[in-house]
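From first to last, the protein sequence lines stand for chains A and B. In this text, residue positions in the first sequence follow this note's numbering: the first is 1, and each later residue adds one. In this text, residue positions in the second sequence follow this note's numbering: the first is 209, and each later residue adds one.
Please note that the accuracy of each hint is not assured.
Unchecked claim - Derived DSBU-like pairs: lysine-lysine, alpha-carbon spacing no greater than 30 angstroms straight-line:
| hint | chain 1 | residue 1 | chain 2 | residue 2 |
| --- | --- | --- | --- | --- |
| 1 | B | Lys399 | A | Lys133 |
| 2 | B | Lys305 | A | Lys202 |
| 3 | B | Lys230 | A | Lys53 |
| 4 | A | Lys53 | B | Lys461 |
| 5 | B | Lys230 | A | Lys38 |
| 6 | B | Lys415 | B | Lys303 |
| 7 | B | Lys441 | B | Lys466 |
| 8 | B | Lys441 | B | Lys454 |
| 9 | A | Lys123 | A | Lys150 |
| 10 | A | Lys109 | B | Lys415 |
| 11 | B | Lys227 | B | Lys216 |
| 12 | B | Lys346 | A | Lys202 |
| 13 | A | Lys202 | B | Lys441 |
| 14 | A | Lys146 | A | Lys167 |
| 15 | A | Lys150 | A | Lys111 |
| 16 | A | Lys105 | B | Lys262 |
| 17 | B | Lys303 | B | Lys230 |
| 18 | A | Lys53 | B | Lys458 |
| 19 | A | Lys105 | A | Lys123 |
Quick caveat, the hints were computed from the structure, so don't treat them as lab data.
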Amino acid sequence: MSGNSTSASSLPVTVEKPIPVTYDMGNLAVFDTNTLDKNDLDSSNGAREEHLKSLTRDNMQLMINQILSLPIKTTTEATGGTSGQSATVTLIQLPQPTTELPREKPLPKPKAPTKWELFAAKKNIKPKERAGKMVYDEASGEWAPKWGYKGINKKLDDQWLVEVDDKVKGTDDELIDPRTLSRAERKKLIKKNELQHKRNLKNSMGLK
Amino acid sequence: MIRTINPKNARAKRALDKKEPKLVENVKQALFIPGQTSNKFLHEAMIDLSGFKKPNIKRFSHRNDVRPFEDVEPIEFYSEKNDCSLVVVSSNSKKRKNNLTFIRTFGYKVYDMIELQICENYKLLSDFKKQTVGVGLKPIFSFQGEAFESHPVYKHVKSLFLDFFRGESSSLQDVAGLQYVISLTVEGDFKEGESLPNVLFRVYKLKTFRSSQGGKKLPRVELEEIGPRFDFKIGRIHTPSPEMVKDAHKKAKQLEFKTAKNVEIDGMGDKIGRIHVGKQDLNQLQTRKMKGLKAKYDQVDSETEAYINEDEHHLNDDSYGEDYVTASEIEPPSKKHKK
């Protein structure tokens, strides 16, 4: 970043302006509102580019001076590559940008509440505290998940002997395997949940 | 309209989620579209401009029949399809020579548009001594001219160029990353009624030298032009509707900085908090429990005793005496002000 020049070393590092320039440090921008002479900047003027350059240089000098006056944070950052060396990096802490620029997209909309969430809010029902997925299975002496793979809600499925409910005894349903019944019940719950999910999605679309 | 897609796998879902509106937005992507009348010079000019915006760019290689000021629909389509909110369209005609249309979109709808025509005395990047800047570096902007603060058209130009080239917004800036300057100058001051002067677009490389005057800290700054050099003549302009401006400048409530009340840091750097405790109701205070302290054994003071034992017949009296006040005379209870 620094070089050596015999001519540059003796030149001033400060700039005086009739109207002080304003900065937007967050966007690294400097705004110079001083008057500009039309003749200096006219395309027929031979010294036009020189003039433009010196104008920008003065503003940059002010900007750099301003930047270097900001709080500095030095961190050690591993530089990429094979050497595995780390070097200190001087970072300048910039304030928030002050120039207002339009957003790219509108602000994200909050998620629409589900039917249950609405009901719970009305009745002031707080979500249940969940103790976790695993429960202790007394019979086997092991921890087992409440649901899912090897879940205890599937216990009935692989019993070699199951009780038949008194209610169905003597009716046509007597011969239906109670094991398949418990499975069917679980599947039904899943279907119901999916239906509710779909209904909520549909409602949230309608609200938009 | 682009058809809505239901993501069938996690990768598609992630890709769609990336396009969703975000609280803290990503860097605006720029899309460069050569118009039907684009030429070689405009192609090169677009490449030069896109170089400072890399890697947040997409560039079409084929000409497209788009005329932003006649029909915005294709622009909005490309903007949505490519998820780009900055669009540059090039075109060339007798009336508008070497024209670049800079379009910004908000929510895939055209926000504002401005035509900038490159005047004859241009110089491309290749016309200068080959100097490059690193990809993705943030430039320093320098805006010269009073009009950038006051005139709506130049304000538009300022906002556009800041938005276009500022890159990643971050609170930390590496000093070594400050390598180049984008300078925009109004070609002289002007009065109301005069034709709009050109905007001079210059890019310089920043060079710093150790200076004897600045001491250890302040360097002497020198510039070297690296190009491109464009003089932009201002053409047609499309300004956004007030509602759209309002929508686009909305601030998220969640991101607002909240000042912590009653918390201060004193001269020693210790954090001090002040807590306001409500008035304590000492009647409810639980003291030692014993039979003698039960409420039924409470001693009634003489004044209340006298009040209780007083004759009650005057309370049944219907006539209002002089000592009564009417409702209108009663002062409203003044709210106690808390400090």
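* Output the numbers, in ascending order, of every earlier hint that fails for this structure. => 1, 2, 3, 4, 5, 6, 7, 9, 10, 12, 13, 15, 17, 18 and 19
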